[in-house]
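Please build the complete structure, drawing on both the sequences and the hints.
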Amino acid sequence: MEKSDPSAQLPLPSLPDRNGAQVIALPRTAPAPQSRTQPASSRKRFALWYALYFPQLETLAEKPRQEALQQLAGQAQNISATVSYHDCALVAEIRSSLKYFGGLQAIHESLQAPLQQCLAELQLSSEYGYAATPTVTGSLLLARAGHNSAVYRPDNLRSALGHLPYEVLHLHREQNRRLYNMGVRQLKDLWRLPMEGLRKRFGSELVSLLNKALGKAPEPTRNYLPPPAFHTSYDLPYGVENLDRLLPVADEMLAQLNDFLRRRDLVTDLLQFKLLHENREATVVRLGLRQASRSREHLLLLLQTHFASLTVPAPVSGLQLNVLQFDAHAPDSETLPGQQANHTNSNLDLFMEQLHARLGVQPVRTLDTVAEHCPEYACQLNEYDAQAEREQQLPHAQAVSDRPRPVWLLPKPQLLTLRNNRLYYRKAITLLSGPERIETRWWSGEDVQRDYYVAREASGSRLWVFRERGGERNWYLHGLFA
Amino acid sequence: MFNVPVSAPRALGTLADAPLNSAASNPLTSGLTADQQPGQTSIDQLLQGNPALWRGCDLAGHGDHGQSTGFAELDDILPGRGWPRNGLMEVVAPHWGSGELQLLLPLMRSVIARGQWLLWVSPPYLLYAPALVQAGIDIRQVLVVDLETTCRDALWTLEKALQTRNCGLVLAWQNWLPGKVLRRLQLAATAGDTLGVLFKHHDSKHSPSPLRLQIKDSSPEDRPCSESEVTLIKARGNFSARSARLPLPLSPFCAHSSANAISA
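Going line by line, the protein sequences match chains A and B.
Start counting the first sequence at 178; every next residue gets the next number (the numbering used here).
Start counting the second sequence at 642; every next residue gets the next number (the numbering used here).
If you're looking for bench data, these hints aren't it; they were derived computationally from the structure.
Honestly, I wouldn't trust all of these hints.
As the list claims (entries may be wrong) - Listing some non-contacts, in silico: residues in chain A with all C-beta distances to chain B over 12 Å:
hint : residue
1    : F223
2    : K393
3    : V417
To be verified - Lysine-lysine pairs mimicking DSS-like chemistry, simulated, CA-CA at most 25 Å apart:
hint : chain 1 : residue 1 : chain 2 : residue 2
4    : B       : K875      : B       : K846
5    : A       : K604      : B       : K801
6    : B       : K821      : B       : K801
7    : A       : K389      : A       : K365
8    : B       : K857      : B       : K846
9    : B       : K857      : A       : K604
10   : A       : K377      : A       : K365
11   : B       : K841      : A       : K589
12   : A       : K240      : A       : K276
Unchecked claim - Computed spacing ranges between beta-carbons, pair by pair:
hint : chain 1 : residue 1 : chain 2 : residue 2 : range
13   : A       : A635      : B       : E714      : 19 to 29 Å
14   : B       : S884      : A       : V461      : 56 to 66 Å
15   : A       : S410      : B       : V822      : 19 to 29 Å
16   : B       : V822      : A       : S472      : 25 to 35 Å
17   : A       : K589      : B       : N816      : 16 to 26 Å
18   : A       : K589      : B       : S859      : 52 to 62 Å
19   : B       : E714      : A       : V461      : 33 to 43 Å
20   : B       : E868      : A       : K589      : 28 to 38 Å
21   : B       : G777      : A       : R439      : 41 to 51 Å
All residues carry an ideal CB built from backbone N, CA and C; glycine is no exception.
Structure below.
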């Protein structure tokens, strides 16, 4: 390698000589000596990454896999402060805890029992692969290969990883085939190939993976953070029966909660108040929010609504507040002048929350139509909650029939009386139009064969009546045109 | 000061807690500064566009502060030429099914078009979605609160719904409510800028609702397209009871097929 002379001058740009101004060349500082043979990490104490690979998670779906990893990460946190998530694997930094635990073997043994217990709770098989090397990717590759070994120095990585089959890279099937056809069987075959050519043929991802495994490239990781938890309680000096008098205390607790959430930039959409009684089971009040919030006033208003319809079996001697669900805070975007403000929706959410708190979920419904010939099955009442879960843009409901349908439907068809060839409901009925024949549901046992007519009662009500085509051939009232 | 050309001799404006100065002065002065004379239209607009301004001998059918009912005959007898923007309204129908909902269909459509919700509080029967779809109402914004329980819950729901600006129209079926409750609902509706409609069988005198009307079927027998008579019992800004006859067809389809005789 040619060492440049520190005092050598840069080639001067060919400037036109103006006013005799001189370009003064500053002496160039010597470049830091960079040697390729020694990685920079060898000068400081390099990290040691302990990888745990759980092959049984591969079969799980995305969500349970994340949850399982989260639980396992909680166990791995006992051996290291830095635990990061990877594909079906966890990687913990253990160099800093080697001395405390007394060696890698001790760490492994202390972790084995809780991990296996955790896996058993998840009803998964208890074996897992592990390895420790100075790079995250190197540890992962070794653990995936099931070698269960440790490499302490970065210099030894190349030879340790070299014997692994190329399948541990978890490449695409087509890429695997091409590697095989190129004669690559192990990772050391790859290292013999020129990196530029590999980049061209297999993309930069493979090259960066290999570089990371050898510690030539930085490895950013997503680290595990323990889930937030909030719990507070307050003991009242005497039993309180009037729930309204609990509100100032609850307000104080909610203020604490608000403080906690604001510091962590979180919001909550499910929390629980426990009203403690002497020698009795506590009364639980759950506050579910349609849109996660941390507003003290909002939560207090909801609690007040809950209290209004709540009766306690005994005086309340204490109050507990738990947060059951956290969410990340997503502030509303500001609106430009002239744009419709978005706060209208949050108004509706507040209203719906109050309705649910007071009346329960059951009575608040939305409507939907069903493509069904039988009139009583063509309308569907859904709970409002279920609708909110779905996408905001629902398809527009389709008209079920092009014949007139009444706004009011009787829950059960009502039998009409027939006297002297005239129909009577409360008063005499005249048929206006019809019939509309509906024959359906013969497959379900209740054979629907009806002729529907639009009719008018002498009092002025407009009715929807039908006559059975089978059986007694009775007349029934089924709906009202309002 | 201004020579106000009005077609009929009228008393000068009577103020009913109307901010006349703030509302009226600006357009007037701006009208003066422009080179044109203070025109008849601008003053008429000022007088008629303000629902809070009540003129002593003003007859219903003037002004334009209401939202159109969709029926020209009904617009003519309502003050402000349409339904009030907010507040409480009572519809008296001797029987359900007299066309009382059909009267409100254009209003429901415009409420939905505004992006607001339509709330039905404890309706007397099952609300049948296919009929609403046929009437051109987007049922994604229809909410039914079906209460078998106490009247108290229904009133609480009514009040909360009227206070919420997202609900454009709240329909409720309550046969008898004391005046105190009605006044409270009226206040809630004004606060939330929502129109609440109470359906009842019998009219109660001295009700504080600003608008009460009665609907009665008046069509001759055996006519497929019925006609209803709407009587204005009380309307703020109106003295005498007035009525209008509206054709309320059942649906666009019922005119096709004529009546068949019963052969029992």
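Now for the hints, and whether the structure bears them out:
1. Residue-level check passed: F223 of chain A sits 60 Å from the nearest beta carbon of chain B, beyond 12 Å.
2. Listed as outside the interface, K393 of chain A is consistent with that label: its C-beta sits roughly 57 Å from the nearest C-beta of chain B, beyond the 12 Å cut-off.
3. With a least CB separation of 24 Å from chain B, V417 of chain A remains clear of the 12 Å interface cut-off, as annotated.
4. Simply put, K875 of chain B and K846 of chain B have alpha-carbon atoms about 10 Å apart, close enough for the 25 Å limit, and the pair holds.
5. Under the criterion of a C-alpha separation no larger than 25 Å, the hint pairing K604 of chain A with K801 of chain B is inconsistent with the structure, at around 39 Å.
6. Between the alpha carbons of K821 of chain B and K801 of chain B the distance comes to roughly 16 Å, so the proposed pair stays at or under 25 Å and holds.
7. Taking the CA atoms of K389 of chain A and K365 of chain A, the gap is near 15 Å; set against the 25 Å cutoff, the hint holds.
8. In summary, the hint linking K857 of chain B to K846 of chain B is supported, as the alpha carbons are separated by about 18 Å, within the 25 Å threshold.
9. Between the alpha carbons of K857 of chain B and K604 of chain A the distance comes to roughly 16 Å, so the proposed pair stays at or under 25 Å and holds.
10. Distance hint between K377 of chain A and K365 of chain A is fulfilled; the C-alpha atoms sit about 19 Å from each other, no more than 25 Å.
11. Between the alpha carbons of K841 of chain B and K589 of chain A the distance comes to roughly 23 Å, so the proposed pair stays at or under 25 Å and holds.
12. Note on K240 of chain A and K276 of chain A: the hinted pairing is violated, with a Cα-Cα distance of about 36 Å set against a maximum of 25 Å.
13. Between A635 of chain A and E714 of chain B the C-beta distance comes to about 25 Å, which sits within the given range of 19 to 29 Å.
14. Between S884 of chain B and V461 of chain A the Cβ separation comes to about 57 Å, which falls inside the hinted range of 56 to 66 Å.
15. For S410 of chain A paired with V822 of chain B, a C-beta distance near 40 Å fails the hint of 19 to 29 Å.
16. Checked against the given bound of 25 to 35 Å, the beta carbons of V822 of chain B and S472 of chain A, roughly 31 Å apart, stay inside it.
17. Distance hint for K589 of chain A and N816 of chain B: a CB-CB separation of about 23 Å, consistent with the stated range 16 to 26 Å.
18. A hinted range of 52 to 62 Å for the beta carbons of K589 of chain A and S859 of chain B is inconsistent with their spacing of about 31 Å.
19. Under the hint 33 to 43 Å, the C-beta atoms of E714 of chain B and V461 of chain A, about 58 Å apart, miss the expected range.
20. Roughly 31 Å separates the CB atoms of E868 of chain B and K589 of chain A, a value that falls within the hinted 28 to 38 Å.
21. The hinted window of 41 to 51 Å between G777 of chain B and R439 of chain A holds, with their beta carbons roughly 47 Å apart.
Of the numbered hints given earlier, the model fails hints 5, 12, 15, 18, 19; all others are met.
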